[in-house]
Structure formats: C-alpha cells, structure tokens
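S.K.: Each chain, written out:
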Amino acid sequence: MSDFIGDWHSLLVLLLAGFLPNEVWRMLGLWLGGGIDEESELLVWVRAVATAILAGVIAQILVLPPGALASIPAELRYGAVAVGVVVFMVTRRSILFGVVSGELVMIAGKWWLG
Amino acid sequence: MALPALDSPNWQGTAAAFALGLRSVVSTILTLVLFATYIGIGALAHDTHFSLFWALASTLFVWAGPAQIILLSTLGSGATVIQAALAVAVSAIRLFPMVVSVLPMLRMPQTRKRQLILPSHFIAVTLWVECFRLLPQVPRERRIAFVNGLGSGLVAMSMTATLIGYQLAANLPSLFGAAILLLTPLAFLLSTARNCRQLSDVVALVLGIALFPLVSLLHTGVDILISGVSAGTIAYGVHRWRRRP
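For the protein sequence lines, the chains are A and B, in the order given.
For the working numbering, add 14 to where a residue sits in the first sequence, where the first one is 1.
For the working numbering, add 1186 to where a residue sits in the second sequence, where the first one is 1.
Hints are supplied without guarantee of correctness; some may be wrong.
[What the hints assert, rightly or not] On the chain B side, residues computed to face chain A include the following (Cβ under 7 Å):
no.: 1; residue: H1235
no.: 2; residue: L1238
no.: 3; residue: F1247
no.: 4; residue: A1278
no.: 5; residue: F1282
no.: 6; residue: D1387
no.: 7; residue: I1395
no.: 8; residue: P1399
Calculated directly from the structure, the hints in this document are not laboratory data.
Positions of the beta carbon are idealized from the N, C-alpha and C atoms, including for glycine.
Same shape as in the complex, but just chain A (with noise of 0.2 Å):
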C-alpha cells in the first residue's frame, strides 16, 4: 500500500509544484476574466510563450530522454519523430497516422540494430 501512495514528502512537491501553479490561473481567469479581450496582444504573446514552452519540453523529452526512451539511439528517436512529422503533414494534419508511424519507425529501427 505504502508502495501506491509514495512518500508524503513527494505529494507536497505535488501540491506547491504543481497544482496551485498551474490551478490559479484557472481561478483568476474565473475572477477576474469579465474585462479581458480574448484577442488581446497580451494574449498574443501569453500563447505563443505557453507553446515554445511546450516545444522546449518536447525536445527535453527527445534531446534528455527519461527512463526506457534512452536505450534508443538518438538518431532514431529524431528520425522516428520526423517521419512523424511528415506523414501528419501529408495526411493532411492526420495526428494518427502522424503518431502511428513515428512509433513503427521507433521500433522497426530498434528491431533491426538489435
């Protein structure tokens, strides 16, 4: 049981890390959100830092893979999330198809090298 719960020490980081952050800008979009213009260039910027985040992170998760990702070689997860990236772009924005055929790149590379 103590397995599926964890350390309390690990659900506090969870609380300060990250629910409060990440929940109190839901509240204050709750709060105060009556005056604010959605296509303000506030929000412009707001938006595009929020997704070069998100981008940073992708490539965190690429470039300093965690846990089993890193037995891959480097080579082949970019070249996986390529092909992924082109299929999508030439099913017409199809993230299936995108997803699938970057993971059957991932493993089919990893079959052959062994």
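Since chain A is already given, all that's left is putting chain B on it; use the hints.
M.R.: Relative to chain A, chain B alone:
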C-alpha cells in the same frame, strides 16, 4: 453520435445533461489523442520514480498534460521545487485566456461564481476545443451540467490511461516502454502543430524546439523557461512585424 435537438425533452434535468456530456467523450478523435498522451504520462511517472497514487492524483488535480510533463521532467532531472513550480506556472498561463473565453458561453444572469469553479477546473486544451464545437448545440441552462459531465468523463478516462501507462512501463520489455514514452512528444508535437492558427504559433513551436538543446548546455535549472520565453517573445515579435502597416 449526435446530440438531441435544442428543444428536445432529452435535455430536461441536470442529470440528463450531465449524462449527455459524459456520452460526448466518445464523440471526438481528441479523446484518442488524450488517451495516448496520458498513457505516456503514466509511463513517464513510472520511469521518473513517482508512485502510482502520485501519478493518478496529478491527473485529477493538475489536469493539464503539459504541466504534468513539465513537472515530471523537471523534478525527474533534479530541479528544485521552486524551479519546477516556476516552469509549471509559466506554462499554465495559457489556461487563463481559455477560461476567460469559455465562461461567457456557460454564464446566465443568475449563475453564481461557485457553480463555475468545477467547469473552470476541467478547462484544458481538449475541453476548450470541444466547448466551442459542442456548446452551441446545448441549451444554455444545461451547459454547466453538460461541461461537468464531459469534464468528468475525460478526467476518468485519462486517469484510466495514466494507470495503464504506469503498469505497462513497469511490466513491458524496454523496447515497448520506450515506444510508450515516445507517445508523449509525438502526440504533443502533432496536436500543437494542428492547433497552430497564426504564423507566430508556428514560429513559437519550431523555435521552441530548436532553442532548448542550445539553452540546456547552460545547465541553469530553468532552461525550459529561458528557451520558452525567448522563443515565444521572438515569435510574438514576428507577429508584430507582420502586422506593421
């Protein structure tokens, strides 16, 4: 699966509207993307040594894929609580305009703020997109119940996916574990690319990916923030420059 007409008796009562919201979970391809993303998050939580309860609680309470991945990958790579909280807070600013744009569709003159707390918590990119697609087909007085149903359904499904991903990462051979971990960057990259509406969005995405490896060489502990704020600000500059008269 189509929703009943606006004047249909099927909309009578809060419970019926909640159930119709719950049912709408299966009406979208985004559910599949969300499922894949949360399988990846569950696997990531396992491989960065968090407990299963921690992973499930993060899906329920944080309920924002990017924030959860940032939290896992920053804490997993040794960042302090403050550094992780800062990165999560900056990435979550985007929730603010989402909530601001959805609430006018839910609000009625007699609506109280506390009735909107739960729908606000459910708002993340998937629900935000679905609200714009589905709410025009929902009678205004039933929209809060409908969104609560849809949100509960998406959270329950995502917690199931978190559980499955965690267990798969714990029990599968390393090749399949790696395949599940690759789901996260692939699904996020492609769903973000799909949501790009303006040139500034595309620049932010491409530059954000390109800058991170360079900034990470500095080992600042807030690499994600530095690369994100720089790439995002440059993308905003491109947007301003293009709109010049």
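S.K.: Going by Cβ atoms only, is B:F1282 closer than 7 Å to chain A?
M.R.: At 4 Å from the nearest chain A Cβ, B:F1282 passes the 7 Å test, so the hint holds.
S.K.: Interface hint check: B:F1247, Cβ to nearest Cβ on chain A, cutoff 7 Å. Holds or violated?
M.R.: holds, 5 Å
S.K.: With 7 Å as the cut and Cβ atoms as the points, is B:L1238 at the interface with chain A?
M.R.: B:L1238 check passes; min Cβ-Cβ to chain A is 5 Å, inside 7 Å.
S.K.: Hint validation: B:D1387 versus chain A, beta carbon distance must be below 7 Å. Holds or violated?
M.R.: Because about 6 Å separates B:D1387 from the closest Cβ in chain A, which is inside the 7 Å limit, the hint holds.
S.K.: Regarding the hint that B:A1278 lies at the interface with chain A, is the smallest CB-CB distance below 7 Å?
M.R.: B:A1278 check passes; min Cβ-Cβ to chain A is 4 Å, inside 7 Å.
S.K.: Quick check on the hint: B:H1235 CB to chain A CB, less than 7 Å?
M.R.: With a closest approach of 9 Å, the B:H1235 hint is violated.
S.K.: So, B:I1395 near chain A? Judge it on the closest CB pair being under 7 Å.
M.R.: holds, 5 Å
S.K.: Taking 7 Å as the limit, does the beta-carbon of B:P1399 come near enough to a beta-carbon in chain A?
M.R.: holds, 5 Å
Checked against the numbered hints above, the structure violates only hint 1.
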